[in-house]
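Undergrad: Next come the chains, spelled out residue by residue.
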Amino acid sequence: MPDTADILRLESMQVHFPIQGGLFDRVLGRPAGAVRAVDGIDLNIGRGEIVALVGESGSGKTTVGRVITKLAQPTGGRLLFEGEDMTSVRGSSALRPYRHRVQMIFQDAYQALNPRHTVFDVVAEPLRSLRLVDNASQLADRVSEALAAAGLNPPGDFFARFPHELSGGQRQRVVIAGALAVRPELIVADEPVSMLDVSIRAQILQVLVDLRDKHNMALLFITHDLPLAWSIADRIAVLYLGKLVEIGSADEITFNPRHPYTVALRNATPQIGGNADRGKLPALQGEVPSAARVPRGCRFHPRCPLAFDRCREEEPPAIEVGPQHLSACWRSEC
Amino acid sequence: MSESTVRYSPRGRTRAIKSFLCQFLGHGGAQAGLVCLVFFLVLAAAPNTLVGPLQTAINATGDFLVPPSGEHLLGTDEVGRDVLNLVVHGARISLTIALLATVISLVVGTSVGITAGYYGGRVDVWLMRLTDFFFVMPSFVLALVITPVVLEVMGRGGDILGFRPSLFVIIVVIGMTSWAFVARIVRSQTLSLKERTFVDRARVVGSSNIVIMVKHILPNLLPQIAANGALVVAGAIYVETSLSFLGLGDPLQPSWGTLLALAQRAGAASAGAWWDLGAPGVCVLTVSLSFVLIGNALDDTFNPRRRVIP
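Residue numbers (our numbering), protein chains in the order written: chain L, 1 to 334; chain V, 1 to 310.
No lab work stands behind these hints, which were simulated from the structure alone.
Check the hints yourself; a few may be wrong.
Claimed, not checked - Just a sample of chain V residues kept apart from chain L, beta carbon distances all over 12 Å, derived: (1) 155; (2) 197; (3) 219.
What the hints assert, rightly or not - So the derived list for chain L, only partly shown, Cβ under 10 Å to chain V, looks like this: (4) 43; (5) 44; (6) 47; (7) 102; (8) 106; (9) 116; (10) 178; (11) 188.
We treat Cβ as the ideally placed atom computed from N, Cα and C, and that holds for glycine.
Generate the whole structure from the sequences, applying the supplied hints.
TA: Printed below as a string of structure tokens:
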């Protein structure tokens, strides 16, 4: 288990996007609603720890990543980096030290690369904008080093290439190299392999795990894929409609889930060799409700097969169900 | 730049440019437009070696209103000046005014559009209201009002950057009244570009807003700016000709519009001197047309569905 000192901590983090009401609503004095994309999340990431954030689309997992990388401004709660409050720090020069230590890998590598920039430009950009190099030869060295670390060998062959001349896997490696170039301490990886062929996924995941092992880099791995999360992460946090429903070690969450949503997620995973060892719960019914109309009480109760009266009235807190294992479900109390 | 980027030749870019040229030159309109344009650019580049110095009433070489003949290929005007000589010298003035006005218009329009689109919010609202003001204002009428006022204030003597003040004013006025349409196009493209993930990435790696606008958004706007720039030139030639025709040009540095005005005032039309009005008129028509053809061809080539530059 890695060092337990937290590098990053989210305290009751909230991101609400206001809904602009129409003129009619405003005249009638109807209250403007809000999309509660992230609705009070407490999460900590230790040094050199890999935490996976698992959830369906629309659960707010990407927004959490955007808050951590300061692309979205939270409407409530705090973002602490090594105990320092980064919530209200804004502006590219004020954020420079933070950017140096926190980087991001994007889901769609083709979209994340400017079609008019060469691989060299892409990887050199953070080094230039964060003023981490003094001269051109140092810049070239750092770029080569980052490309090699991301598995693009020999690095020099890729300097003058454009994104459209690369394969999907190579593009993702370029994005990873761009994040590595500054030698960050935390990387937020937003579905880094979901756009890649299965055969390439393992290689990219290996690159990420190697980084942790060699440089003690922490990783927040955002994914919708529970088995994938289990294969890479130390801990897994399960997100549903803007709130964490369960968090615990990867093995606990995968093999001993306590929250009915996590159980349902696990059961929804197709398995080779039939489904002999399925839990007792049926597959999930219905759609994820809109984050603009979060259900009262437990937000999972409309889809929960185990819901009882209390679930419809009161929102369950995170209840400790094991060592470092929390589940937000009234059923896990007993 | 680092040595490494020099050492590894940018073959990707070369190939992209090559295939762009192939597609652009395969366009019939572009070919016609380019041929005409090159012809007029040659005229504008070396008028003195082609037809001798600019003729005035003093050193006019012919009789009054002589029809085209071997001696005067395009005839002469009402004071005996060779029309060919005047038209060739006019090419330089007309093209310079149009191109410089276009540069002003593109620089102002791109800056306003990119700033409004990128920052959004209040900046966008105010810049776009300003743009709307210039957009609904008939630029020709505005130019017609501003030009004499500025001339009155600055006087007609001396020269600014090699231009007589009246021409300089025309350049600035055309530039300032034609940027609104560029600003709107640039803003709408910026709005879509700034939502692309590579802008988010640029922010995460610490690039400032200025760097994002100049290095990430601007290069992706260049196709649109180039295509619309060609159309702006055509418009500028038209406005310049009209202003000069109404007498706001400079008789000492005559553009095609000035020549048309002089011919019209001398009664060339009623005297049957078609060559005196026709020569500058055909020039204006041809050059505007060739810029429009080139602009449309660029637009076609850069069309996202068939674009070749990535």
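Undergrad: Compare the structure with each hint and give your call.
TA: Hints versus structure:
1. 155: 47 Å, holds
2. 197: The assertion about residue 197/V is violated, with a minimum of 4 Å to chain L.
3. 219: Non-interface label on residue 219/V violated, nearest chain L Cβ at 4 Å vs cutoff 12 Å.
4. 43: Violated, about 19 Å.
5. 44: 21 Å, violated
6. 47: Nearest chain V Cβ about 21 Å off; hint violated.
7. 102: 8 Å, holds
8. 106: Interface hint status for residue 106/L: holds (5 Å vs cutoff 10 Å).
9. 116: 4 Å, holds
10. 178: 6 Å, holds
11. 188: 9 Å, holds
When each numbered hint is compared with the structure, violations occur for hints 2, 3, 4, 5, 6.
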